[in-house]
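Q: Those protein sequences? They're chains A, B, C, D, E and F, same order as listed. Each residue of the first sequence is one higher than the one before, counting from 135 in my numbering. Each residue of the second sequence is one higher than the one before, counting from 135 in my numbering. Each residue of the third sequence is one higher than the one before, counting from 135 in my numbering. Each residue of the fourth sequence is one higher than the one before, counting from 135 in my numbering. Each residue of the fifth sequence is one higher than the one before, counting from 135 in my numbering. Each residue of the sixth sequence is one higher than the one before, counting from 135 in my numbering.
Calculated from the structure, these hints are not laboratory results. Just so you know, not all the hints are guaranteed correct.
List of simulated lysine to any residue pairs, SDA-like, C-alpha gap at most 25 Å [claimed, not checked]: (1) E:K277 to E:Q239; (2) B:K277 to D:V187; (3) B:K175 to C:K277; (4) C:K317 to C:L328; (5) C:K277 to C:A183; (6) B:K256 to B:R241; (7) F:K324 to F:A353; (8) B:K317 to B:L341; (9) C:K332 to D:L341; (10) C:K256 to C:L233; (11) C:K332 to D:K324; (12) E:K277 to F:G274; (13) A:K175 to F:M345; (14) C:K277 to E:R347; (15) A:K256 to E:V140; (16) D:K324 to D:V187; (17) F:K324 to E:A278; (18) D:K358 to A:K256; (19) F:K358 to E:P213; (20) E:K175 to C:K256; (21) A:K335 to F:G274; (22) D:K256 to B:R179; (23) C:K256 to B:A355; (24) C:K317 to D:G274; (25) E:K324 to B:R179; (26) C:K175 to B:K332; (27) F:K332 to E:T259; (28) E:K324 to F:V187.
According to the in silico footprint, chain A covers these stretches of chain F (three or more CB under 8 Å from chain A) [as the list claims (entries may be wrong)]: (29) 167-176; (30) 248-255; (31) 260-269; (32) 320-326; (33) 345-357.
We treat Cβ as the ideally placed atom computed from N, Cα and C, and that holds for glycine.
Here are the chains, one letter per residue:
Protein chains: 6
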Amino acid sequence: MYELGVVYRNIERTDRATADALATLGSATVHEAMGRVGLLKPYMRPIYAGVQVSGTAVTVLLHPGDNWMMHVVAEQIQPGDIVVAATTAECTDGYFGDLLATSFQARGARALVIDAGVRDVKTLTEMGFPVWSRCISSKGTIKATLGSVNIPVVCAGMWVTPGDVIVADDDGVVCVPHALADKTLDAARKREALEGEKRAKLASGVLGLDMYRMREPLAAAGLKYID
Amino acid sequence: MYELGVVYRNIERTDRATADALATLGSATVHEAMGRVGLLKPYMRPIYAGVQVSGTAVTVLLHPGDNWMMHVVAEQIQPGDIVVAATTAECTDGYFGDLLATSFQARGARALVIDAGVRDVKTLTEMGFPVWSRCISSKGTIKATLGSVNIPVVCAGMWVTPGDVIVADDDGVVCVPHALADKTLDAARKREALEGEKRAKLASGVLGLDMYRMREPLAAAGLKYID
Amino acid sequence: MYELGVVYRNIERTDRATADALATLGSATVHEAMGRVGLLKPYMRPIYAGVQVSGTAVTVLLHPGDNWMMHVVAEQIQPGDIVVAATTAECTDGYFGDLLATSFQARGARALVIDAGVRDVKTLTEMGFPVWSRCISSKGTIKATLGSVNIPVVCAGMWVTPGDVIVADDDGVVCVPHALADKTLDAARKREALEGEKRAKLASGVLGLDMYRMREPLAAAGLKYID
Amino acid sequence: MYELGVVYRNIERTDRATADALATLGSATVHEAMGRVGLLKPYMRPIYAGVQVSGTAVTVLLHPGDNWMMHVVAEQIQPGDIVVAATTAECTDGYFGDLLATSFQARGARALVIDAGVRDVKTLTEMGFPVWSRCISSKGTIKATLGSVNIPVVCAGMWVTPGDVIVADDDGVVCVPHALADKTLDAARKREALEGEKRAKLASGVLGLDMYRMREPLAAAGLKYID
Amino acid sequence: MYELGVVYRNIERTDRATADALATLGSATVHEAMGRVGLLKPYMRPIYAGVQVSGTAVTVLLHPGDNWMMHVVAEQIQPGDIVVAATTAECTDGYFGDLLATSFQARGARALVIDAGVRDVKTLTEMGFPVWSRCISSKGTIKATLGSVNIPVVCAGMWVTPGDVIVADDDGVVCVPHALADKTLDAARKREALEGEKRAKLASGVLGLDMYRMREPLAAAGLKYID
Amino acid sequence: MYELGVVYRNIERTDRATADALATLGSATVHEAMGRVGLLKPYMRPIYAGVQVSGTAVTVLLHPGDNWMMHVVAEQIQPGDIVVAATTAECTDGYFGDLLATSFQARGARALVIDAGVRDVKTLTEMGFPVWSRCISSKGTIKATLGSVNIPVVCAGMWVTPGDVIVADDDGVVCVPHALADKTLDAARKREALEGEKRAKLASGVLGLDMYRMREPLAAAGLKYID
């Protein structure tokens with residue numbers, strides 16, 4: 135449930151070095167390191183491919199068809215932040231375009247994650263301002279009703295608290311809670327470290343069946359080979 | 135983000151009288167009383183019509199295709215509770231049928247709210263055990279992976295904390311946070327009290343335009359009548 | 135494209151006798167009589183089963199999450215009308231509940247057809263006020279932005295002009311343009327008249343293959359029977 | 135891949151007694167008895183509630199918007215059959231109404247399962263002819279292109295071979311292959327036989343945790359209780 | 135409601151200079167200039183990115199799975215036109231491929247906007263013939279049933295009259311009615327003219343809160359800052 | 135209906151030359167050559183554009199959220215194969231990433247067609263390993279339940295038997311049954327051969343109306359031109 139009409143100015147951001155380090159690990163490795171949780175729903179897609187980014191969440195709660203609070207959240211952005219925008223009911227309108235992106239970029243935002251629509255995607259792509267969104271739509275919005283900034287929100291099915299780390303890439307978006315960020319970074323790095331060796335083995339023709347020692351458990355589960 | 139593999143046995147339930155009193159007000163009035171927030175997404179539908187119920191939330195987090203934790207949550211049910219079930223990824227399987235309903239009912243549960251599928255809906259209807267769900271499906275589930283019980287969950291887009299009040303009827307499902315329950319009850323009752331008089335006026339042919347004094351603001355906004 | 139902020143008070147309604155006579159023929163027969171066109175999309179469903187109704191359209195264009203114009207359209211209703219509500223962007227909010235239904239009913243409206251959500255469906259069912267809608271949702275709306283009343287609108291994919299005839303039943307909703315209403319009524323009645331005889335033949339075991347003389351054209355098209 | 139323009143007149147139907155006996159077990163129990171497979175997708179819903187039916191499949195492949203083959207399949211129906219209709223591309227048109235239902239019923243069909251739309255649902259309900267379909271739509275169809283009758287088809291994601299047993303109820307639709315019908319009936323009956331006793335235990339307050347001896351495996355998996 | 139089986143040869147196209155000038159303003163600015171109306175639904179997406187185009191609408195109404203009228207509309211194309219294709223029921227088939235694109239291009243068409251599927255998208259991309267569509271599908275169509283050419287149609291939820299201006303880009307598709315084209319062009323240009331200055335200010339770090347003087351209305355609406 | 139827990143090691147693959155030759159013809163031409171059947175549903179999209187590939191199907195049946203069998207199918211891959219993965223219930227999890235792709239590529243697989251999600255799409259694109267999937271998702275899977283390898287499966291609505299030919303490109307995916315491969319190749323080549331000439335005519339301004347001699351049948355069907 136949401137507190138409306140408030141802006142929290144002081145949020146506890148995850149340590150910058152930790153937040154930044156998670157970018158290169160990617161959303162798949164990071165969510166695995168947390169126990170396969172933390173992902174936003176897969177309908178959240180990047181407006182252009184190839185970006186891998188992480189940052190600290192500043193959040194904004196919007197009403198359907200109303201982007202007034204996007205201007206309020208802009209002031210709360212600090213360099214290294216990613217804005218996470220949720221709505222109180224489903225909406226596909228284009229809440230965000232090149233002007234707001236210019237402002238967000240000037241404030242140091244690295245990306246926007248929005249459970250609604252965006253527009254001016256050609257310009258956003260040229261500016262290099264990445265967005266993960268539910269859809270793309272030219273539909274404009276009004277500025278009439280208060281939402282909130284920096285309260286915990288549900289964005290695309292995931293609970294995001296201001297200051298959490300957001301990791302986003304072509305595979306999707308994951309939220310790492312502030313309290314778990316260091317532990318997750320360690321676990322993700324360990325996971326990553328093992329991947330190079332595995333990849334080399336698999337490339338040489340070794341089967342996962344053998345590398346992961348799956349033949350016995352598969353047989354125990356009753357798998358039958360038929361010639 | 136979710137803590138996995140834990141069961142919280144002691145949750146702070148909203149006062150019984152308050153939780154019970156919210157049932158008759160209905161999901162629409164209650165969410166209006168909170169400022170038009172708190173609703174689960176409208177894809178959550180009752181398996182049969184005509185029930186209006188409220189109760190205190192006990193929560194369970196499930197993995198796709200796995201209903202093991204439904205048996206774990208059963209033990210945590212107290213009379214007057216409503217079980218709120220979320221999943222870590224979208225799934226339409228039938229997690230719940232007549233046997234689990236028998237057990238839930240024996241423990242005193244009033245209803246199930248589940249962001250997934252249910253089955254045995256004919257028997258559930260005959261038993262009088264109401265369910266609000268994403269869908270109906272015969273598909274069975276396995277019992278292999280741990281989730282959690284009585285942690286805060288996102289169910290159908292809404293954040294639900296154990297002990298919150300759930301109000302559900304033919305119009306949908308709303309979650310009233312524990313801390314706001316008394317205040318919401320008061321506000322909802324006031325709203326309700328005004329409705330009888332309004333209904334009588336409207337039934338007599340008085341227009342909302344006049345009853346709500348809308349003609350002036352409409353004219354001020356520029357509305358034009360053309361003959 | 136829509137003209138905003140206007141209310142047309144004088145619309146040319148289809149003749150009452152014609153509009154009323156179309157009800158018993160039903161949406162399927164009526165749209166066939168027009169050449170299989172005129173239907174709203176099949177996601178438009180009745181909130182309760184068993185109603186078959188027709189009436190003259192008064193239209194209203196709404197903004198997402200804003201039901202202000204529903205009060206404006208109420209004044210334009212005449213006995214025998216059906217209100218047809220469209221929105222400028224997709225929205226599932228509950229624009230209409232028991233108070234507005236009381237007002238509409240007092241004005242003589244027979245039904246509402248709305249490309250959005252409704253609420254208080256239990257009370258609407260008890261009142262006997264039928265609604266065809268995209269969905270059911272408790273979500274309330276605001277009153278802030280002007281739409282229009284009695285302009286042509288696109289509702290659930292179909293163009294509806296004020297004064298057209300709306301026919302709605304368990305199978306869906308069809309719009310019969312004013313200019314085609316008499317001709318459609320004749321054609322639909324002829325179609326209907328033939329159905330009783332056909333039904334009796336089919337019930338007696340005569341096959342459609344023989345009754346419709348399909349065996350030759352099927353053979354000509356190359357159909358092969360294999361024993 | 136589909137063979138077009140053919141009607142197989144002789145299909146090997148599952149033994150009548152076996153096919154009939156599966157009805158009372160229901161779609162959930164039957165698909166569990168097969169190893170949790172065989173279900174059509176859960177978007178297939180009954181047009182009215184409360185029916186539990188089984189029968190032998192006769193199949194028909196239709197083109198989008200074209201119900202010509204529905205008349206061809208009618209002739210191949212034998213008492214105790216259920217018609218299973220698939221389409222070569224997704225379509226929501228109303229392929230089937232009260233006239234075809236009259237014909238199917240006269241031929242002894244027990245139900246229709248169609249991965250498309252139906253119409254005249256009020257009359258079908260009054261006639262007591264059950265249909266499971268993707269949707270309800272008034273939209274009529276043409277009779278122009280050949281499909282096939284009694285070839286294997288994919289209906290709502292499941293492979294159905296003529297003569298297989300279809301079991302359908304409020305929970306969904308399951309297909310039991312001819313060759314597995316006897317074995318499935320035995321397994322489903324055993325499953326069912328155990329349910330009465332389980333239900334009584336659960337109703338008396340025994341927990342599934344104890345009845346199914348889950349406490350140990352849950353602890354072994356690491357479940358933690360927190361007071 | 136649609137007139138079937140007709141081709142209107144003489145349509146009143148919007149003035150070429152006006153129609154052409156709208157391209158550079160883009161769908162978002164143009165629909166804002168009309169009062170935030172006129173957009174087709176956001177499921178209409180370009181088959182390749184980066185095109186911004188405008189032109190005069192020639193329309194075609196198609197039946198599901200039947201592209202016969204695409205050949206009829208080809209003859210009615212004049213240089214500078216955009217073909218707008220609607221269907222009488224939802225269909226995802228691929229109505230249009232490289233051969234029709236070759237013909238349309240030879241006639242001077244600038245683009246196709248179709249509320250259905252297209253195919254040969256790789257070749258269309260190489261040819262530089264842009265399409266906005268509901269989906270991409272290899273599925274072919276037949277040529278059996280008459281639709282119409284150059285009647286008003288509903289395409290992706292928007293009413294399009296032959297001769298209207300279509301503006302399409304990566305953000306979506308907007309329809310500007312012939313009668314409003316000049317006025318819309320003026321309004322859009324004014325809107326555009328102001329954007330450069332705003333962008334510079336925002337890029338320099340000025341906040342929208344200050345540039346748009348929002349602080350007072352936000353405070354008046356009750357916004358609270360919490361440290 | 136599916137046989138669970140089995141791996142068929144010896145499947146009858148379509149002749150390599152035939153399977154390879156179908157690639158250049160593309161999914162649209164190939165499905166037309168079969169009579170407009172054989173296509174997987176159009177929600178199956180490539181993770182990157184521009185690939186046109188064919189190969190022999192090896193199949194795998196997976197449970198929701200469980201990719202254990204992907205390692206089992208890897209061993210059954212032979213150079214020139216395309217892996218076709220189906221699931222027993224709808225699931226959007228990311229079953230396949232860069233490690234499995236490395237293994238599949240090492241075994242000679244040309245592509246993956248999966249009715250579920252994939253991840254690591256940036257790396258897959260760099261590796262040049264094409265995938266057609268229902269969606270993209272970071273969500274990982276477990277390895278707990280047996281499915282099967284090289285049994286016939288329903289993938290995205292189409293029946294695929296091991297050894298059939300899969301043709302996939304930007305327009306979609308088509309399955310050519312082993313028994314029809316040679317005949318289909320011939321028919322597709324003939325179709326293709328005629329296209330060059332047609333394209334030249336259309337490019338020169340000849341209308342399809344004349345090239346396909348449609349004017350007479352259109353007039354016979356009643357098409358009217360109105361000036």
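Q: Each hint should be assessed against the structure and marked as holding or not.
A: Structure-based check of each hint:
no., hint, result
1, E:K277 to E:Q239, "21 Å, holds"
2, B:K277 to D:V187, "30 Å, violated"
3, B:K175 to C:K277, "22 Å, holds"
4, C:K317 to C:L328, "17 Å, holds"
5, C:K277 to C:A183, "31 Å, violated"
6, B:K256 to B:R241, "21 Å, holds"
7, F:K324 to F:A353, "30 Å, violated"
8, B:K317 to B:L341, "31 Å, violated"
9, C:K332 to D:L341, "59 Å, violated"
10, C:K256 to C:L233, "13 Å, holds"
11, C:K332 to D:K324, "47 Å, violated"
12, E:K277 to F:G274, "46 Å, violated"
13, A:K175 to F:M345, "50 Å, violated"
14, C:K277 to E:R347, "24 Å, holds"
15, A:K256 to E:V140, "39 Å, violated"
16, D:K324 to D:V187, "20 Å, holds"
17, F:K324 to E:A278, "23 Å, holds"
18, D:K358 to A:K256, "51 Å, violated"
19, F:K358 to E:P213, "24 Å, holds"
20, E:K175 to C:K256, "32 Å, violated"
21, A:K335 to F:G274, "21 Å, holds"
22, D:K256 to B:R179, "22 Å, holds"
23, C:K256 to B:A355, "35 Å, violated"
24, C:K317 to D:G274, "19 Å, holds"
25, E:K324 to B:R179, "48 Å, violated"
26, C:K175 to B:K332, "35 Å, violated"
27, F:K332 to E:T259, "19 Å, holds"
28, E:K324 to F:V187, "50 Å, violated"
29, 167-176, "violated (count 0)"
30, 248-255, "holds (count 4)"
31, 260-269, "violated (count 1)"
32, 320-326, "violated (count 0)"
33, 345-357, "violated (count 0)"
In terms of the numbered hints stated before, the structure departs from hints 2, 5, 7, 8, 9, 11, 12, 13, 15, 18, 20, 23, 25, 26, 28, 29, 31, 32 and 33, listed from lowest to highest.
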